[in-house]
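The lines below spell out each chain.
Number of protein chains: 2
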Amino acid sequence: MQFRRCRVLVTGGLGFIGSNLVRRLTAEGAEVTVIDPLVTGCGGKPFNLEGLERQVEVASCSIGDAAIAPLVERAELVFNLAGEISHIHSMLFPERDLEINTLSQLRFLEVCARLNRGVRIVYAGTRQIYGVPEYLPVDEKHPVNPVDFNGVHKYAAAQYHQMLSRMGRIDAVVLRLTNVYGPRMALDIPCQGFFSTYLRKALTGQTLDVFGDGEQVRDPLFVDDAVEAMLTAASTPGLPSRGYNVGGPEALSLNRIAAIVSELAGLAPPRRGEFPADRKAIDIGGYRTDSRKIEAELGWRPRTPFAEGMARTLDYYRECLPSYLDPATPNPPCKLAHSS
Amino acid sequence: MQFRRCRVLVTGGLGFIGSNLVRRLTAEGAEVTVIDPLVTGCGGKPFNLEGLERQVEVASCSIGDAAIAPLVERAELVFNLAGEISHIHSMLFPERDLEINTLSQLRFLEVCARLNRGVRIVYAGTRQIYGVPEYLPVDEKHPVNPVDFNGVHKYAAAQYHQMLSRMGRIDAVVLRLTNVYGPRMALDIPCQGFFSTYLRKALTGQTLDVFGDGEQVRDPLFVDDAVEAMLTAASTPGLPSRGYNVGGPEALSLNRIAAIVSELAGLAPPRRGEFPADRKAIDIGGYRTDSRKIEAELGWRPRTPFAEGMARTLDYYRECLPSYLDPATPNPPCKLAHSS
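So the protein lines, in turn, are chains A and B.
With the working numbering as the guide, the letters of the first sequence map in order to residues 74 to 413.
With the working numbering as the guide, the letters of the second sequence map in order to residues 74 to 413.
It should be emphasised that the hints constitute simulated quantities derived from the structure, not laboratory data.
Note that this is a predicted model, so its numbers are computed, not measured.
A few chain A residues facing chain B, derived, Cβ under 7 Å:
{"#": "1", "residue": "Leu179"}
{"#": "2", "residue": "Val225"}
{"#": "3", "residue": "Ala229"}
{"#": "4", "residue": "Gln232"}
Note that the Cβ used here is the ideal one computed from N, Cα and C, for glycine as well.
Construct the complete structure from the given sequences, taking the supplied hints into account.
In structure tokens form, the structure reads like this:
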């Protein structure tokens, strides 16, 4: 894998996974440009790239903005991670989610296809498109049944990538990521999934809550492994497929996950409680990824055991916690460009 | 099936399938309201409901317009057929297609869910979502691989229907229709599929063209059969499924279809020619529907042989051809509400 002097464009590069990717790319000698408008609630934070201000150019505009054209034109490689990630936000503000996750992607990909025909694009998709699993582990043939607007809109964007690739206008691959955790995840957004909540509580000494019976499994993926999957997908010539499921190395119950986090953080054992109604509505039960396709075709596999990744995560935040505990913003919807 | 005095809302009710549905519902004694803003290029035409002006109320606004609220509120049943149907338009004007087929549907369904919780909605989906078939006939488990923006956007709208139904907010069913033909199809839109082109040529005495080797099969569905499928889906209590493929009774090659149309119209045999590039890009090869699920679960099956349906279609247009041969409009994109 050779990224030295490669001109790389990363959308959403101030966000959780994006900033970890940018740091890795920069360490490998790539010339990185970031597009990130820091949309409220989407997890972007300038602090995530602290220390790289001189090496990384950051454009503060939407990926749907015409101003990105020259950035797209000169890129040799694109990592496309911009997006709204909160499933709960998407149910409260579905038009905002459609604009961020679908309309902006449409505009962005049209620019890519026009100004940089055939460019390799790695798109951060989500396991959320599968909805309530009909079987476990979930492979790429699993039916698509999103339980929220976020899943519908992210799936439409994934289809843009794949359709335009079939036409030869871009050369994209979609990685459907399971629950990713690690340093630089936003902790100050109220509706961003259980890892964000667990970390915020653990780091501020609060006992964790587990909803339901806690036996729902997840396969958490450490962010460094997710970054490695993206780099692998970016650098494989003649991609065998346009879409891969990307899961973690272990299937753990939420009880077990909460227990490990609590123990690492020196907390009392987790409490069990009833699901809040808004979370129950989008709960999908258990989830475990079948990652055999990406393992077989691209040679990637997750390497970081959960306890190790979580220990590294907690260590990271202990050094800089205040930067991640800004007063929680009320997460107003973006003013929709098309609202009347 | 009992629609007498039923308050029915039909979106896209001035269009091809919509107007045939409205005529049938009216004949059954239903009280029908139509929403149709006559968007250029989408096939709506006031002439399609000629003679029903006193019986059918027509609201000339978008389904995404807040003004539809009272119409939704009082409906006992909704047929949702509004949409852009041209695959070629969608490639030329993808944002227009996203607005018409996805954003407007999102707004419409949110109103349905809020003001008429649990209302039965029959949505006119499309076989186009499946793209190039991986096997024939195509059943409901076939992977979704749209070859154009229209397919991506119609699929997102179908997912809205299904997701909101799983939540109990509406009670929708998606019918994925194959190529439908029959009276009241628009003939004056340049990019609307081969049936429109064949009919326009046949009725004006021009020889038909068949692109490629002409051996690609289709399973044309006569519009009365499509209407019957929608009524059946509307009136089945406790729907067994949320999505059905709906195909025609015969699989015919394009050569055969063109030959039948030419013979019925008294024309010379069809000519064979190369695909124009814009059509080749979205050609899907052969297509044949596996309709066994709707046959087994709802008891519907297509009944009209192609030669019979086509003869009735030609008879219809011979009576009123000038009304369908307006000078072809240049099909400018709608001014997008969200364009900057």
